[in-house]
Amino acid sequence: MLTAFAILTDGLAYAAYLFMVAVGLTLIFGVMKILNVAHGSFYAFGAYGAAMAAGIYYDRGLPEAGGFLFMILLAMAIGLVLGLILERGVLRFVYGRDEVIVVLVTYAVFLILEDVIVFIWGPQSYAAYQPMVWAGNVEIGELVLSNYDILLVAISAGLALFAYWALKFTRYGRLLTVVIFDRETAAAFGINVTVVYTVTFIIGAMLGALGGAMMAPKISITLGIGVEVIVLAFAVVAVGGMGSIEGALVGALIVGICRAAAVHLMPQIELFVIYAVMALVLVFRPYGLFTRAQPRKI
Amino acid sequence: MSAILSVSGLEKTFGSVVAARDISLDIPAQQTVGVIGANGAGKTTFVNMITGHLTPTKGSIHFEGKDITGLPSRDITQMGISRSFQVAQVFPSLSVFDNMCAATAIARGDGRFISAALRSVHAPEIAADVNVAIELFQIAAYRDTLASTLPQGIRKLLDIAMAVAGAPRVLLLDEPTSGISIEEKFQLMDVVMSALKARNITVLFVEHDMEIVERFADRVLAFYDGTVIADGTPGETLGQARVQELITGAKLKLPHGEASPHA
Amino acid sequence: MLSRANLIGAVLFLAAGIIGFFLPPWLVSLLTIAFANALVVLGLIILWRAGLVPFGQALYYCSGAYTVALLARWAGVSDAFVLLIAGGLVAGIVAFLTGFLLARYREIFFAMLSLAMSMILYGVLVKTETLGSTDGFGVDPPHFLGYAPHGDALGFALYWFVLVVCAISALVIGVYFKSVAGALAVPIRDNEIRVEFLGISVTRLIHMKLVIAGTLAGVGGALAAMTIGHVDPNMSYWTTSGGFVFVTILAGAGSVAAAFVGSLVFEIVRSFAFAVLPGFWQMTLGIVLLLTILFLPEGLGSLATRFRRRKPDTKPVATS
Chain A
50 MLTAFAILTD GLAYAAYLFM VAVGLTLIFG VMKILNVAHG SFYAFGAYGA AMAAGIYYDR
110 GLPEAGGFLF MILLAMAIGL VLGLILERGV LRFVYGRDEV IVVLVTYAVF LILEDVIVFI
170 WGPQSYAAYQ PMVWAGNVEI GELVLSNYDI LLVAISAGLA LFAYWALKFT RYGRLLTVVI
230 FDRETAAAFG INVTVVYTVT FIIGAMLGAL GGAMMAPKIS ITLGIGVEVI VLAFAVVAVG
290 GMGSIEGALV GALIVGICRA AAVHLMPQIE LFVIYAVMAL VLVFRPYGLF TRAQPRKI
Chain B
114 MSAILSVSGL EKTFGSVVAA RDISLDIPAQ QTVGVIGANG AGKTTFVNMI TGHLTPTKGS
174 IHFEGKDITG LPSRDITQMG ISRSFQVAQV FPSLSVFDNM CAATAIARGD GRFISAALRS
234 VHAPEIAADV NVAIELFQIA AYRDTLASTL PQGIRKLLDI AMAVAGAPRV LLLDEPTSGI
294 SIEEKFQLMD VVMSALKARN ITVLFVEHDM EIVERFADRV LAFYDGTVIA DGTPGETLGQ
354 ARVQELITGA KLKLPHGEAS PHA
Chain C
10 MLSRANLIGA VLFLAAGIIG FFLPPWLVSL LTIAFANALV VLGLIILWRA GLVPFGQALY
70 YCSGAYTVAL LARWAGVSDA FVLLIAGGLV AGIVAFLTGF LLARYREIFF AMLSLAMSMI
130 LYGVLVKTET LGSTDGFGVD PPHFLGYAPH GDALGFALYW FVLVVCAISA LVIGVYFKSV
190 AGALAVPIRD NEIRVEFLGI SVTRLIHMKL VIAGTLAGVG GALAAMTIGH VDPNMSYWTT
250 SGGFVFVTIL AGAGSVAAAF VGSLVFEIVR SFAFAVLPGF WQMTLGIVLL LTILFLPEGL
310 GSLATRFRRR KPDTKPVATS
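Residue numbers (the numbering used here), protein chains in the order written: chain A, 50 to 347; chain B, 114 to 376; chain C, 10 to 329.
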């Protein structure tokens, strides 16, 4: 019983993290049909940015509560700038090329950004544990839960609700839905697809950076964190269906719970299980759980 | 005369949409059958079912006495039923010659994948076949032109020539003249039909232009709302009041081709 | 059989082999790795011609490498020929089995499923103590039909061994490219439905390509394991697959030779960047990849064809 509860709470916390990373990736894919490998870099930049913010903030002895907010704001600002530069500076030149070629372009960008990180922050590791300590723990029976994990789940849930609301009920969200559904018709009806692309990519980049900032207190921020994250995010969106927000949510929950179960019951299959789930879903639902195939007409 | 192709009780539904229903007919060998009907009447669905692109919801299709209902398209092609497409389906990044080589090489294959990996696609016997075929279809002048840059009419001819490369006994042409200017339509059909006659191929072609149907078909099937409402010689079918009302429209004596509603 | 291309290939092969004797050992070892990896790239070219880009080709590479390592460790096999064939065979079987699934997938879904499969192997290797876990384990120097060289001599022996394997593979794949099954790659990429309607199974054609590409990757992995003398789970990680795709784009799918030229250029650029700009070698690679995609969409190989096309047309694309 205790194990089951632990699996559930760990799984939820892990799912919250996965969703945060995957939601930007799936948004960009849904709208722009770009599977963005550089999303891992957004995550890494967000984490490094948050660590930098923590360094600046906590060294001055300012009130604890504001530090976390400052970390997030700085990370998202970095995401905004990075997204803008990439979309305007690189990606717009390859629109219309093969999907797979565009993936490789983002892979090239990812390689470049890996070294930009070294250039800016150097090869050493960083930590930004302060918010985690500040948040403290809560004890439920024998189980100790980190308040920060609870916060993480709450923010992810909030993000999911916000995304749902924004896509359904705001003007921009509806525009996005139209573009996702049929790009050419959207353009024919006078929707400025160029602007939609730029804004979407920036939002996606900011979400990636947010994911990094949120995880920063929990991890050691070191070279290569983006490499690991991107393939996890791929697994989540492949399970849920690429381009689907609700898919990313369900994908994150499935992968999160499966991994937590593996960690508690059979630690040696921890990594295996994530990709086994991904492969299994792809085998039975090639387009993921939440999207379907479009038949070709002849 | 025994039927080379015979369908009975054919039906196809997509959810609640009925695309084809209760189609039963026999086609004798070497007949040339024209298929008419407004868009959405079920003509392409009919062709797609015979060639295995769609599996019928009900009914059966027999070819030379063998049940071919629901077989994959490649098996049906191998048995001897080929097709061309409403929008020409060629390989844009290859030349006309290489398009034909691909088609001919597949047709001449023994179906074993090991031998497909060892035989050259440009083997002398394949190239010889191709050269004969492109002469027959009068596209030899475009031999080394990339298919993506071909004029529409030539691309249609290439599409049909590729379908014929497999030496089919039945050929289904889905709107062979769509996208072709009125002046070129007859010329194209003359080339195609004489090439097919030379090879004793049974032809079923979907066509909107009634003058072409009258000129080339031995028999005309009129489709409406997923089923065949008239079946007979061109004169009989086109003369029926119901066909005129629903498909061809009253004869308005416009320049040819204008009489058929396209919407 | 003795076409001009084959003749040039034979001359280059001999030249490469002889030059090896005059090069410093570190350079010989760099060339050995470059040519071993070129076999993986050759397999990727086969797939790319049909429009398929796998992000998990490292699965077969790693299978080949671990087969060599495990055979040497557990069964005491040390003959390079046996190890090579075993590596290729195991990877080929893995490719045959995974092919039943992969052959049905296209585009990004193909890329993702192959990625998932390679990551499964990674997950297994990393967490399995008996397979060396994250550290992997060492591979003893191989023997060649009883000949057991050491030091520099081993380096040269491996170099020649890799060259011969490359030459044979290049010949075989050259024949395959001209065959019906090989030549149908472009039709599959252009218009799959048309190929089916011409009467052949696209799925089975692709399955065959997957097995050939997987076997080549396994052979490459086996050679890499012998050359490096070590295997670890990173050989199955997505970045390894990414590297191979990188070289494929750099090389272009134009010809068999492209794989070898591309792989060579890649290793040289990487080593050069690593030596001259140690902090920026990934950035250098990224920039090279970007520039290739933007300005040389058909890869380095297209440079040669472009040059050839500028010369007056002597003969059309004739055959027969």
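Calculated from the structure, these hints are not laboratory results.
Hints are not guaranteed to be accurate.
[What the hints assert, rightly or not] Okay, the calculated beta carbon distance ranges per label pair:
no.: 1; chain 1: A; residue 1: ASN241; chain 2: B; residue 2: GLU296; range: 21 to 27 Å
no.: 2; chain 1: C; residue 1: GLU116; chain 2: A; residue 2: VAL227; range: 46 to 52 Å
no.: 3; chain 1: B; residue 1: GLN265; chain 2: A; residue 2: THR340; range: 55 to 61 Å
no.: 4; chain 1: A; residue 1: ILE169; chain 2: C; residue 2: VAL278; range: 21 to 27 Å
no.: 5; chain 1: A; residue 1: GLN317; chain 2: C; residue 2: TRP83; range: 18 to 24 Å
no.: 6; chain 1: A; residue 1: ASN241; chain 2: C; residue 2: HIS239; range: 35 to 41 Å
[To be verified] Computed list of chain C residues with no C-beta within reach of chain B, every gap over 10 Å:
no.: 7; residue: PHE31
no.: 8; residue: PHE90
no.: 9; residue: GLY147
no.: 10; residue: HIS152
no.: 11; residue: PHE153
no.: 12; residue: LEU309
Just so you know, even glycine gets a beta-carbon here, dropped at the ideal spot from N, CA and C.
May I ask which of the numbered hints given earlier this structure violates, with the numbers listed in increasing order? The structure conflicts with hints 1, 2, 3, 6, although it agrees with all the remaining ones.
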